[in-house]
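Residue-level listing of the chains:
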Amino acid sequence: MIRLLASFALGSLFGVGLLVSQMTNPAKVLAFLDVTGDWDPSLAFVMGGALVVTLLGYKLVLGRSKPVLAGKFRLPQRTDIDARLVGGASLFGVGWGLAGLCPGPALASLLFGGVSAAAFTTAMIVTMFITRRF
Amino acid sequence: MTDFTPISATIGGGMIGLAAVLLMATLGRIAGISGIVGGLADSDDRDWRLAFLVGLVATPALVGLSQPELMRSEFSVSLPLVVLAGVVVGLGTTLGSGCTSGHGVCGNARLSIRSLIATLAFMATGVATTFLVRHVIGGAS
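Those protein sequences? They're chains A and B, same order as listed. Taking numbering that gives the first Met the number 0, I'd label the letters of the first sequence as residues 0 to 133. Taking numbering that gives the first Met the number 0, I'd label the letters of the second sequence as residues 0 to 140.
If you are wondering where the hints come from, they were derived from the structure by calculation, not from laboratory data. All C-beta atoms, glycine included, are put in the ideal place defined by N, C-alpha and C. Hints are supplied without guarantee of correctness; some may be wrong.
[Claimed, not checked] Covered, in the sense of this in silico footprint (three residues per stretch, anywhere, with C-beta under 8 Å from a C-beta of chain A), are these stretches of chain B:
#1 11-21
#2 46-53
#3 81-92
#4 96-103
#5 109-117
[Said to hold, decoys possible] Covered by chain B, per the in silico footprint, the following chain A stretches (three or more residues, Cβ under 8 Å):
#6 11-24
#7 27-39
#8 65-76
#9 92-98
#10 118-127
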């Protein structure tokens with residue numbers, strides 16, 4: 000039970016971080032990606048802030064023998080660069096640049112983003128589930 | 000256009016980072032949203048994923064009730080294009096094993112070369128797509 004409460008609380012913190020930084024607003028994300036337009040560099044500060052905290056925090060946490068509420072750390076082991084990684088990430092960027100939403104903000108804005116946020120999130124999740132079957 | 004908001008951006012980013020660090024410290028998991036969602040399809044540990052996602056979906060809307068100015072969601076493309084974008088994001092993040100959070104934050108924080116390459120790739124195509132949509136297809140706006 001404590002695992003699930005912790006997970007709920009951290010999903011909440013993650014979502015509120017997206018809300019506070021306004022990454023839940025596609026216009027804000029597109030204003031970052033539109034480097035030749037009226038550029039809004041805010042997203043770089045969101046990424047930078049998150050990255051610095053995570054970099055330092057992971058150094059402390061991953062030095063321990065195991066997580067507090069689980070048996071072991073589950074870290075990706077792969078180090079190879081293949082076409083699936085580069086092609087997939089490139090495709091992801093196309094969708095991101097088209098609508099201004101990525102998976103976290105799509106979910107965090109689901110209850111107030113109207114039909115567009117709901118349609119994006121539904122299409123995204125259905126496609127994820129189908130793609131994982133292959 | 001939107002205003003440059005470095006302070007709220009850095010604070011919000013710090014909250015995202017803190018959530019990622021604490022998820023690793025408690026459950027030993029990477030805070031990659033596409034991975035957490037995708038795992039609902041075929042993993043045997045759906046419980047913590049669902050709990051995380053309920054918080055991610057519900058809490059921002061609850062906080063927004065007292066801060067309505069934060070609940071802005073402005074789309075600039077038509078609904079069919081929004082759906083197409085959702086499909087492309089779902090496909091791309093699954094094939095590429097991550098998104099802005101999994102690769103962009105957690106992977107880069109672990110100094111993963113795969114995540115660095117993925118981040119450079121989606122940033123490049125994101126910028127290129129926005130440029131095409133706004134300045135080539137849509138005219139200067």
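Taking the hints in turn, this is what the structure says about them:
no.: 1; hint: 11-21; result: holds (count 11)
no.: 2; hint: 46-53; result: holds (count 7)
no.: 3; hint: 81-92; result: holds (count 12)
no.: 4; hint: 96-103; result: holds (count 7)
no.: 5; hint: 109-117; result: holds (count 6)
no.: 6; hint: 11-24; result: holds (count 14)
no.: 7; hint: 27-39; result: holds (count 10)
no.: 8; hint: 65-76; result: holds (count 11)
no.: 9; hint: 92-98; result: holds (count 7)
no.: 10; hint: 118-127; result: holds (count 10)
This entry satisfies every hint, going by the numbered hints stated previously.
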